[in-house]
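With the hints as constraints, model all of the structure from the sequences given.
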Amino acid sequence: MGLLTNKIEREELKPGDHIYTYRAIFAYSHHGIFVGGSKVVHFRPEHNPMDSSTSSISSSSSEDICSIFPDCGFRQPDSGVVLSCLDCFLKNGSLYCFEYGVSPSVFLTKVRGGTCTTAQSDTTDSVIHRAMYLLQNGFGNYDIFKNNCEDFALYCKTGLLIMDKLGVGRSGQASSIVGAPLAALLSSPFKLLIPSPIGVATVTAGMYCMSRYATDIGVRSDVIKVSVEDLALNLDVKTIEQGEEEEEDEEEDSDTDYVR
1 MGLLTNKIER EELKPGDHIY TYRAIFAYSH HGIFVGGSKV VHFRPEHNPM
51 DSSTSSISSS SSEDICSIFP DCGFRQPDSG VVLSCLDCFL KNGSLYCFEY
101 GVSPSVFLTK VRGGTCTTAQ SDTTDSVIHR AMYLLQNGFG NYDIFKNNCE
151 DFALYCKTGL LIMDKLGVGR SGQASSIVGA PLAALLSSPF KLLIPSPIGV
201 ATVTAGMYCM SRYATDIGVR SDVIKVSVED LALNLDVKTI EQGEEEEEDE
251 EEDSDTDYVR
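The sequence shown begins at 1 in UniProt numbering and counts up one residue at a time.
List time: in silico BS3-like cross-link candidates among lysine-lysine, alpha-carbon distance up to 25 Å:
hint, residue 1, residue 2
1, 14, 91
2, 7, 91
3, 225, 146
Have a look at the derived ranges for each label pair, beta carbon to beta carbon:
hint, residue 1, residue 2, range
4, 101, 229, 23 to 31 Å
5, 87, 14, 16 to 24 Å
6, 104, 124, 21 to 29 Å
7, 225, 112, 25 to 33 Å
These are computed hints drawn from the structure, not numbers from a lab.
Glycine included, each C-beta is placed from N, C-alpha and C at the ideal position.
What follows is the structure, given as structure tokens:
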């Protein structure tokens, strides 16, 4: 277990592992569930502006085309949940394993978010079942802050969702992005009370770590266990409702144009 991350070798991988790799020179990490057989189920934006393909076996760029695994890149139409081979998932990046059931003290020592949680993982069979079920039924609309690849992997591993936003969550990576500037803002008054720059830095770091801990899915009180079948059904209802609302808006616009 590293201070920043938990890098592993491929031979250490086990089915049901929550894995991740870094993109854009460690700017952000991409997460997925290893389901065995060198395959990973992960979540990404449904449509790429550079790719107008609507095929169920599609890829976001020519680099995603895999000549080794014919089903690499499979996804259902209008879904961001994708099945990829491990090589295409990593894209030459290093392999890291997300840690579950860590103690609060270990969690707080992690400088970077999106590497661990205090929540316990469910059984391997449950994790893989959720990932494969969502591959066929989708995980809603991708949102970098509210419903991203880490949220997908966290749900597959734990079945936990935030109650007031069923179907979405708050990942550790997103919490870090929000928590860092928030900690700096909250600690700014201490500059008047603590003359030492080291003291201010220590206070800021402490606030940053505590803000991440407070949003960890393992300690939040506003989470519930949701079966993957109920989640898929809920997402289908939301999709239908959104479609009906869009149709109503279009009808209102057309009526307005007619009156004019």
